[in-house]
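J.: Residues per chain are reported as follows:
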Amino acid sequence: MSMHMEQTVQPPVDHSVSYPKFLWRALRAATDGGPLFYGSMTILTIVALLGANAWAKQVVHGMAVTDMTDHVSWGLYVANFTFLVGLAAGGVMMVIPAYLYRDDDMHDVVIVGELLAVAAIIMAMLSIVVDMGRPDRLWHLIPGIGRMHWPISMLTWDVIVLNGYLLLNLHVCGYLIYTRWLGRTPNPSWYVPFVFMSIFWAFSIHTVTAFLYCGLGGRPFWNSALLAPRFLASAFVTGPAFIVITLKALRARSAFQIPEGAIERLLSIVRITALINLFMAASEVFVEFYTGGSHTASARYLYFGLHGHEELVPWIWTALGLNAAAAVVLLSKPLYRRPGVLVAALVMTFVGVWIEKGMGLIVPAFIPSTLHEIVPYVPSATEWIVTAGIWAFGMMIYIVALKIGLQAMSGRLVRSDLPPAVGAVPQEAE
Amino acid sequence: MTDRKKRRTLKILGATLGAGAFARAIAPLSALSETTSMEELLQQHYQELTPKDLQRVLRRLEAETKRDYGVDVTIEDVPPLEGVQFAYALNLSICIGCRKCAEACHEENNHDRGTGNSYIRVLEMDQGSMDMERGRTDYDHTVPAEGKFYMPVQCQQCENAPCVTVCPVEATWQEKDGIVVVDYNWCIGCRYCEAACPYHARRFNWNKPDVPAEEMNPNQAYLGNRVRPQGVVEKCTFCLHRTRKGRLPACLEACPTGARVFGNVLDPDSEIRWVLENKRVFVLKEELGTRPRFYYFFDE
Amino acid sequence: MQAVLLKHVVQANAFVAHVVVAVMSVLGALACTLGLVACSGHVSAEPDRAGAESPADASRSSDSPRYPVEIHMPDVLRGIRTGTVDSLQRPLLAPCGSCHASGAYALRERNDPPVQGPHAGLSFRHGELRCGACHDARRAEALHLADGRTLPLVEAMTLCGQCHGTQMRDYRHGSHGGMSGYWDLSRGPRVRNHCIDCHDPHAPAYPRYQPAPPPPDPRRRPRG
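Chains as they are written, first to last, in the numbering used here: chain G, 1 to 430; chain E, 431 to 730; chain V, 731 to 954.
Do not take every clue at face value.
What the hints assert, rightly or not - Straight line, CA to CA, 16 Å or less: simulated EDC-like cross-link-like pairs of lysine to aspartate or glutamate:
{"no.": "1", "chain 1": "G", "residue 1": "Lys248", "chain 2": "G", "residue 2": "Asp105"}
{"no.": "2", "chain 1": "E", "residue 1": "Lys441", "chain 2": "G", "residue 2": "Asp32"}
{"no.": "3", "chain 1": "E", "residue 1": "Lys496", "chain 2": "E", "residue 2": "Glu644"}
{"no.": "4", "chain 1": "E", "residue 1": "Lys606", "chain 2": "E", "residue 2": "Glu589"}
{"no.": "5", "chain 1": "E", "residue 1": "Lys675", "chain 2": "E", "residue 2": "Glu512"}
{"no.": "6", "chain 1": "E", "residue 1": "Lys482", "chain 2": "E", "residue 2": "Glu506"}
{"no.": "7", "chain 1": "E", "residue 1": "Lys675", "chain 2": "E", "residue 2": "Glu506"}
{"no.": "8", "chain 1": "E", "residue 1": "Lys435", "chain 2": "G", "residue 2": "Asp32"}
{"no.": "9", "chain 1": "E", "residue 1": "Lys436", "chain 2": "G", "residue 2": "Asp32"}
Quick caveat, the hints were computed from the structure, so don't treat them as lab data.
One chain only, chain G, in its complex shape (with noise of 0.2 Å):
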């Protein structure tokens, strides 16, 4: 059916009457499942609450139950927001194939990454909602009632593409999900647009994120050119890698049609980064230890120790560790071939990263402190627990959006009054 031909057919539709139906409809259908399904994420509620019920306590007692200190300022918090914005910007990796190349079988699945990137964003958000010391006043922040310090501070930039970026990924989701429910089929200009947007967008969420720390003459250890390129390689390792570990789960647990060609195509995505990933790392660690003098004061405090202090050192050894090992198991396909091996090797290079863009890139950079002190920072039970339930939260809508997304886009989640297309609706989703 040509598009032209369906938009003559298509009566007239009242979306003030349909769009609330819709979602009625969506909810149920969020909603609806299997022992698995409610069982994860009863498990996940649970975690999300006591992470809600600690950062509460947080907010009425202060920040003193966190382990961070004037010394190490930014912890935990920061750490796993920018883990999660690259998260979120990885989820690109499947729009650009999909889009810019036309590669269908990606065509077919492009949803998964575009509702991670939306569950990733707002996992981003929470993060730095639970770092602030007085969230009552982030209304501060918004142009017109608040003070926005734009464009000087990079901050307000992060503000607006992180923001920016999620609305994109909403629009494109709903109106792509939406029409399938309609029955109809998308009209480009509604929504290609937007998906162009979104490419350039997710490079600019990664790279604004990166000039936040890069930017700082203060922290030898983050001002090097080279830290918005490496936090986009990295993002293009844990973005798809994090998406081929979930088609992998919906290709075990549910019903739907899971194209192998996605799946290498996102494999030999993260091959390269993660070997572009390592060379980066590679370049800095060169640079930091062949100059020598105080400004790699950071770098010897992360990879060996500094004065009897050696708290990082075997979380960045780990990380490298893990890093190498998947990129190895990667590139050989007599390795990743066998059961079990590639999931593996997947969950290690995303742990790698989650670890070397977190206590490896913004700990560091605080110890020593500007005037050469060293305080150590261990992320306390409180730090531990809010970013459990941030996760948990987070898990929670990427499994609902992928349960109504899927069934929108393989045509399970239709109107009422059109005929169901064929196949039962899946029981189970992740």
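Dock chains E and V against the given chain G, drawing on the hints supplied.
T.: Using the frame of chain G, we list chains E and V on its own:
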């Protein structure tokens, strides 16, 4: 159909349970409603307050201090003086590292007693080296120690201040007398300024400051030494509640050796001008281009 | 700290150490270390000879009258503490002349046994100087400059300055020696420390002492 109905009932039950649990989870937040008034929540930026609004805010803050700390304090708005640009210089040859300045700062500025906070940290360094990495702030022996010199560091009131640049809500800015101030009632507590400052000059209120009533300094300023709220950033203001009334900063008065020189650089007869013109002064981390208003020098 | 200094008592021959014991007991090293805040509490309100003018309105303009810069006058320059206090709890001083009425007295030499009497405990560590280098042998209340001109005890700073020229220059420009009060003299006065507030003239090296406690470990703060 009955199965569908049963499922629906279960879903509603689950949603209700979830909502209830969420309410319980964030219940601790209700404690805030007792201490945070709507007026405080909706307060405008300092620079947007009308004189009348400002007076009302000051009286409210005084009442809050009375409520929370049991002390009658005076909180004033102390504007910058015309024709004044402050600068500070510190003579490293005669500083003996006694930390009297840090102690005076702690008391003058109503710092949290629990954390022993102060805007000044004193580095003990090896003579013949300016390598801060070999400095220590935790020395606890008779001073001045053999072969050491001492370098107190506080806010350098940079002309090109990275902390001001990065603030996403303009909660911190440089006043025309050169002092970088914070509107403690506008700061959102993101601590980006703390990350940006190359001099470890900023402090965050990790908890509500604890200041015993009898130790409270009751002469306070809105942009200065009033007790800061929990969850916001603060910094050295060159004691603007004193210096904008012509008085010397507390750290200078506490200095037993006279290592500290403070004044108006626009006054050609001032002590600070004499030091800048006649001593070979330097600034910390000059290569960063922050242009500090805080200078260091050694006697020849 | 007193004890440390006392260890270095030098046999000062023919030195009528009227001033000396007073320095030790009144100021001493510890008193110096208490700094300006403490000193300013018992300032003698003698105007600074360096152009002190009378206070006037506090407006800031270049030709507005200026408040004075006062130099703290240590008791020791006006007499010796008797150990008693007056009705206002101020230490009672006995002028030098009350013992050294005759005017002339014997200055000690370096190898003489330690001084006894009211000036007992005097330590002497001031370079290679002898008592007679500064004290006028003829009058207990007087000092003398290198060129022989006599100088009243209360003008001791002039004597310090004849050798310590760079310090005196820095002092005059406000970059040596503690102070308190106003940086803006159109708004209020300032009080400066006297040389001997911090430097015992007989043992001028600035004493060592225990500093204020180091900043607490930031990770050991009260939580929650």
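J.: Give a verdict on every hint.
T.: Results for each hint:
| no. | hint | in the structure |
| --- | --- | --- |
| 1 | G/Lys248 <-> G/Asp105 | holds, 15 Å |
| 2 | E/Lys441 <-> G/Asp32 | holds, 9 Å |
| 3 | E/Lys496 <-> E/Glu644 | holds, 13 Å |
| 4 | E/Lys606 <-> E/Glu589 | holds, 10 Å |
| 5 | E/Lys675 <-> E/Glu512 | holds, 12 Å |
| 6 | E/Lys482 <-> E/Glu506 | holds, 13 Å |
| 7 | E/Lys675 <-> E/Glu506 | holds, 12 Å |
| 8 | E/Lys435 <-> G/Asp32 | holds, 12 Å |
| 9 | E/Lys436 <-> G/Asp32 | holds, 12 Å |
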